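Engineer: Listed below, chain by chain, are the residues.
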Amino acid sequence: MNVFLTKRNAMLPKILIKVIVFLMFIGFLVLFQEQFKNFFYSISEPLQKTFWKAGNSASNFLGSVFYLNDIIEENEELTIKNRELLEEVAVLQQTKIENQALKDIIGNGQDSQNKEYKLILAETIGIDGCQGYLLINRGSDNGILENMPVINAQKVLVGKIFEVYKNFSKVMLISNKNSVLDIKIQKDDTLSFPIYGVVRGDSNLIAFLDLIPIDSEIKNNDILITSSLDGTFPKDILVGKITEVNKDDLKPFQTAKIQLFFNLNQANKLFIISDYKLK
Amino acid sequence: MAIWLKFLILFLLFGFLGLSQGSFLPHFSIMGTTVNLIFIIFFLAVFFEEPQKYTQGLFSAVIAGFFLSVFSFSFFEKIIGCLIVIVFAIKYILFLLRKKRDKYPIVYFAPLFLLSYIFFNLLITPTCPNFVFLIGAVYNLVIAVFCFYLCKKFLIKLYGF
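Protein chains in written order, with this note's numbering: chain A, 180 to 458; chain B, 295 to 455.
It should be emphasised that the hints constitute simulated quantities derived from the structure, not laboratory data. Computed from a predicted structure; not experimentally measured. Mixed in with the good hints there might be a few duds.
Straight-line Cα separation of at most 25 angstroms, SDA-like style, residue types lysine to any residue; simulated pairs [said to hold, decoys possible]: (1) B:LYS300 - A:LEU226; (2) A:LYS197 - B:LEU331; (3) A:LYS193 - B:PHE425; (4) A:LYS232 - B:SER323; (5) A:LYS228 - B:MET325; (6) A:LYS197 - B:ILE378; (7) B:LYS347 - B:LEU331; (8) A:LYS420 - B:PHE425; (9) A:LYS197 - B:ALA296; (10) A:LYS334 - B:MET325; (11) A:LYS228 - B:LYS347; (12) A:LYS334 - B:LEU304; (13) A:LYS197 - B:PRO345; (14) B:LYS385 - A:PHE215.
To list a few chain B residues with every Cβ distance to chain A over 12 angstroms, as calculated [said to hold, decoys possible]: (15) MET325; (16) PRO345; (17) LYS372; (18) LEU408; (19) CYS441.
Part of the chain B face toward chain A, derived, beta carbon under 7 angstroms [what the hints assert, rightly or not]: (20) GLY316; (21) SER317; (22) PHE318; (23) PRO320; (24) GLY326; (25) THR327; (26) VAL329; (27) PHE342; (28) GLN346; (29) THR349; (30) GLN350; (31) VAL364; (32) SER366; (33) GLU371; (34) LEU416; (35) THR419.
Virtual Cβ for every residue (Gly too), placed ideally from N, Cα, C.
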């Protein structure tokens, strides 16, 4: 019994030292978290880029094999839609010429709405879809600040800058659980009152529409665009479309399932709007 | 196998899995959920270690936690802390279960993995368990069971159990 106790007593300082060293190591990691992460992202960036491109190519290849019928159908639909849009473009071009001529007459040639934002190009090197974060290879050294809006090449909203490191930044996707975004529902009828609501993230690259007044008429395929009410995002940036409306007369607001236009395959190159707040 | 070699292999493996988890595997997600290979390997390292030993489990918790937080964009202390809790819980449960049998059966592995996965995910991403969460759990369990048999075969070849 005594021998056992002595052995246990002798082991105690050893265990204590191990625990203290372990806690110090964790404390060190926590204290220099930002520097550690930036360092690891820097050394792993070339590999991450290679992995990202390989994953993208592989998923595109597999997608084209598995969803061949869907692609053929989608292609046919898009061909028809493209024809309709070309007709619309022709009409709009004519209207634009007439509009410009009228502006020239009035003397107000500059159109402030057409001013482009200053964009910073970034590449995606990693994603955590479950939590709704993305890692890009631009950081504070490139002039990135928190809350700057992030869009893709198709001018579709991706999210906003959440955390900035020296050479990298973490983007909070609009599908993040903590993301709430003010939107406007684009209607064909320009005379009707605009409908405003919010898009809430639901993790796993999914989001839903909320806070739409119960008496508002919304339907499937209605397009959602940013409304700029909260001041973080510029207005009229594409967000997604409604796929299923949930209307309950007992509740003051209606909700809807939406399909985000942002998609992982178009996330290779992203753009950060760097001067929106300054305007 | 020498312990330093084992730890070096684990370190490199977690690093490689971290890279693929952050940049390669998200392209193969099912309803937005990706397989968490780091967590699966961490769990296997804990499960196949003797219940009365803790070195491999704790080492795996720290290194897996480190790479998970680097490539999953979360905080070090939160993930490492959560994994350490899982190590102690699994060791204790296995210690109670293996009093009668001295094997590594799948009937222990699958429920313990599922419980740990749910605990870990609910703590890291506080969310209501929904259908997508369930899909994620099943997806990870299937991969984990496959890895379990692979690991068992490898260990039988190496140590004969």
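Engineer: Are the hints correct? Go through all of them and say.
Structural biologist: Quick rundown of the hints versus the structure:
no.: 1; hint: B:LYS300 - A:LEU226; result: holds (24 angstroms)
no.: 2; hint: A:LYS197 - B:LEU331; result: violated (29 angstroms)
no.: 3; hint: A:LYS193 - B:PHE425; result: violated (47 angstroms)
no.: 4; hint: A:LYS232 - B:SER323; result: holds (16 angstroms)
no.: 5; hint: A:LYS228 - B:MET325; result: holds (23 angstroms)
no.: 6; hint: A:LYS197 - B:ILE378; result: holds (15 angstroms)
no.: 7; hint: B:LYS347 - B:LEU331; result: holds (23 angstroms)
no.: 8; hint: A:LYS420 - B:PHE425; result: holds (22 angstroms)
no.: 9; hint: A:LYS197 - B:ALA296; result: holds (21 angstroms)
no.: 10; hint: A:LYS334 - B:MET325; result: holds (24 angstroms)
no.: 11; hint: A:LYS228 - B:LYS347; result: violated (39 angstroms)
no.: 12; hint: A:LYS334 - B:LEU304; result: violated (42 angstroms)
no.: 13; hint: A:LYS197 - B:PRO345; result: holds (19 angstroms)
no.: 14; hint: B:LYS385 - A:PHE215; result: violated (31 angstroms)
no.: 15; hint: MET325; result: violated (6 angstroms)
no.: 16; hint: PRO345; result: holds (18 angstroms)
no.: 17; hint: LYS372; result: violated (10 angstroms)
no.: 18; hint: LEU408; result: holds (17 angstroms)
no.: 19; hint: CYS441; result: holds (19 angstroms)
no.: 20; hint: GLY316; result: holds (4 angstroms)
no.: 21; hint: SER317; result: holds (4 angstroms)
no.: 22; hint: PHE318; result: holds (4 angstroms)
no.: 23; hint: PRO320; result: holds (5 angstroms)
no.: 24; hint: GLY326; result: holds (3 angstroms)
no.: 25; hint: THR327; result: holds (6 angstroms)
no.: 26; hint: VAL329; result: violated (11 angstroms)
no.: 27; hint: PHE342; result: violated (22 angstroms)
no.: 28; hint: GLN346; result: violated (14 angstroms)
no.: 29; hint: THR349; result: violated (10 angstroms)
no.: 30; hint: GLN350; result: violated (15 angstroms)
no.: 31; hint: VAL364; result: holds (5 angstroms)
no.: 32; hint: SER366; result: holds (5 angstroms)
no.: 33; hint: GLU371; result: holds (5 angstroms)
no.: 34; hint: LEU416; result: violated (12 angstroms)
no.: 35; hint: THR419; result: holds (5 angstroms)
Checked against the numbered hints given earlier, this structure breaks hints 2, 3, 11, 12, 14, 15, 17, 26, 27, 28, 29, 30 and 34; the rest are met.
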